[in-house]
Amino acid sequence: MGYTFKKDEKLCSKTHIDSLFANGSSDLVYPFRILAMEIDSMEEPHVQVLISVSKRNFKSAVKRNAIKRRIREAYRRNKHMILSAYDNNSDKRLLIAFIYTAKTIVESSYMEQKLILILQRLTDKDVKINR
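If you're matching positions, the sequence shown starts at 1 in the working numbering and goes up one per residue.
Accuracy of the hints is not assured; some may be wrong.
In silico lysine-lysine, DSSO-like type, Cα no more than 30 Å apart, as pairs [claimed, not checked]:
1. Lys125 x Lys59
2. Lys92 x Lys79
3. Lys59 x Lys10
4. Lys55 x Lys10
Each pair of labels, with its calculated beta carbon distance range [as the list claims (entries may be wrong)]:
5. Phe21 x Lys103: 19 to 29 Å
6. Lys103 x Pro45: 27 to 37 Å
7. Glu44 x Thr104: 35 to 45 Å
8. Glu43 x Lys103: 33 to 43 Å
9. Ser41 x Lys63: 27 to 37 Å
10. Val62 x Lys125: 34 to 44 Å
These are calculated hints, taken from the structure and not from any lab test. Every residue gets a Cβ at the ideal spot worked out from N, C-alpha and C, and that includes glycine.
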């Protein structure tokens, strides 16, 4: 399994995004708010991710894009944790939204630690995922 983050791993479907925000279960792990939802689907990939940074907190697009780049990098390096749990479950698909809630830019290493914690919670099913 490579350390890539391809287009099909990104959550782009408007209907899936709307249902994730309407029906997804939420958890808060600073500096992220996480929305997660399982759907029945045989399609690949089994995990799709949405990354969001608020324009209210970061007016500069350069800063927002830098934060999103750091989040993508942290996810890309650690996605194997969640993929191993969902590759066996081929009839389910997990939709995740990482919403950056901090008012300042935190260090990449701290961001990666928290993202690892989130992925561990999702694989251990500590976070109640709406099905």
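A quick look at each hint next to the structure:
1. Restraint check for Lys125 and Lys59: not satisfied, since their Cα atoms lie roughly 35 Å apart, outside the 30 Å limit.
2. Restraint check for Lys92 and Lys79: satisfied, since their Cα atoms lie roughly 17 Å apart, inside the 30 Å limit.
3. Distance check on the hinted pair: Lys59 and Lys10 sit about 24 Å apart at the alpha-carbon level, within 30 Å; holds.
4. Of the pairs offered as hints, the one joining Lys55 and Lys10 holds, with about 20 Å between alpha carbons and a cut-off of 30 Å not exceeded.
5. Distance hint for Phe21 and Lys103: a CB-CB separation of about 22 Å, consistent with the stated range 19 to 29 Å.
6. For the pair Lys103 and Pro45, the supplied restraint of 27 to 37 Å holds, since their beta-carbon distance comes to about 32 Å.
7. The beta-carbon spacing between Glu44 and Thr104, approximately 37 Å, falls within the hinted interval of 35 to 45 Å.
8. Remark: the range hint 33 to 43 Å for Glu43 to Lys103 is upheld by a beta-carbon distance near 37 Å.
9. Taken as a hint, the range 27 to 37 Å holds for the pair Ser41 and Lys63, whose Cβ atoms sit roughly 35 Å apart.
10. Between Val62 and Lys125 the Cβ separation comes to about 38 Å, which falls inside the hinted range of 34 to 44 Å.
Violated hint: 1 only; the structure is consistent with all others.
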